[in-house]
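Colleague: FYI, in full-length UniProt numbering the residues of the sequence shown are 1 to 308.
These are computed hints drawn from the structure, not numbers from a lab.
Hints should not be assumed to be uniformly reliable.
Here are the simulated DSS-like pairs of lysine-lysine, each with C-alpha atoms no more than 30 Å apart in a straight line [claimed, not checked]:
1. K219 / K165
2. K165 / K194
3. K194 / K219
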Amino acid sequence: MAAITCSHVRRVFRDHVALDDVTLTVEPHQIFGLLGPNGSGKTTLLNQIQGLDTPTSGSVEVLGLDPLRDHAELVRRLGSQHQESTSLPRLTVSETIRLFAALYPDTRDPEELIEALSLTEKADARVESLSGGQRQRVFIALALIHDPELLLFDELTSALDPHIKHSIWDILRSLRADDRTIVLTTHSMEEAEKLCDRVAILDAGRALAEGSPAELIEKFAPAATVTLSADISLDDDELATIPGVTSIERLDDSLRVTGTGDFAERLAERIITAGDRLTELRIDPPTLEDVFLHLTGRDSATTEEVAS
C-alpha cells in the first residue's frame with residue numbers, strides 16, 4: 001500500500017489556484033521531495049496531506065487514512081515540522097522536548113533523542129540561543145518524539161550553510177534506513193537530486209513530473225555539456241558530424257558543446273585525431289535544474305526572483 005496517494009487534488013483560495021489537479025504517489029520507506037520555487041504549492045500540498053486544510057476537489061489518502069475524517073489516528077502516526085516551526089524560546093532543549101512528549105500517550109525517551117541528534121551538549125541551553133542547524137535538530141526531535149512512521153518536513157534545510165545542511169541530510173538518510181517514510185519540500189535542486197529517492201516537480205500549483213532524479217534527467221534533460229579550449233582546428237560543421245552532438249556554442253576563449261550518449265568521448269577522440277591539444281576540458285552532466293528549465297522554460301533562480 002502506498003504511504004500517500006493524492007488524486008486530482010485542487011485547492012482554490014478565492015481567485016487563486018494554489019493546487020491544480022495534482023496527482024502523485026509516495027511509496028513507503030523512501031525520501032520523497034516536493035520540489036519547486038516559492039509559491040509553487042508545496043506547502044499547500046503538505047497541509048492537505050496532514051489534514052490541516054480541505055481540498056476544493058480531489059482526494060488524499062495517507063497511510064490508508066482520510067486525513068480529515070481520520071485525523072486523530074493520523075496525528076499519532078505522523079510527525080511534522082513547518083517552515084515557521086516555533087517553540088518556547090526561553091525553554092531549554094531538554095524542557096522543550098519533554099513538554100512535547102507530554103502531549104502523547106506513548107513516546108520515545110527524550111534523552112535518547114537528544115543524544116541521537118547530537119544535542120547532548122546543548123540539552124540545557126535555551127532554544128533561543130541555538131544556531132540554525134541546532135534549532136532544526138530540535139524540530140526533528142519534536143517530530144520524532146512519538147515515534148511516527150511518516151515524517152513531513154517543510155524547507156527543513158533552507159538558509160543553512162552547506163556543512164550543516166549535509167549533516168541534516170545524514171540524519172534524514174538514517175531515518176529512512178530505519179524504515180520511515182519522509183516527505184520534504186525544497187526549492188533546492190541540489191537537495192532534491194542528492195537526497196531524494198523520488199521527486200515531484202511543482203510549478204504554479206501543477207505537478208509537472210514525478211520520478212527518481214535519474215529518471216527525470218534521462219527523460220527530460222539527457223544532454224550533457226562539454227566546455228573546452230577554443231583553439232582547435234575543427235570547425236563547427238565538423239564538430240556537428242560527431243554522433244550525439246546537439247549544439248555548439250563558441251565563447252570568447254572556450255567552446256561549449258552539448259550532446260547525448262557518449263558524445264564527449266567521441267569529441268575528445270576527434271580532437272586528438274586532428275592533432276589538436278586540449279588545454280581545458282570540463283564535462284557538466286545534466287541536473288534537475290536542466291529538467292526544471294525544460295519543463296517550465298525558465299531556470300529556478302529566475303523563478304525565485306519572480307516569486308519574491
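Colleague: Quickly compare the C-alpha distance for K194 and K219 to 30 Å and report which way the hint goes.
Modeller: 18 Å, holds
Colleague: Given the hinted pair K219 and K165, is their alpha-carbon gap at most 30 Å?
Modeller: With Cα atoms ~29 Å apart, K219 and K165 stay inside 30 Å; holds.
Colleague: Taking only the CA atoms, is the gap from K165 to K194 under or equal to 30 Å?
Modeller: 12 Å, holds
Hint compliance for this structure: no hint is broken.
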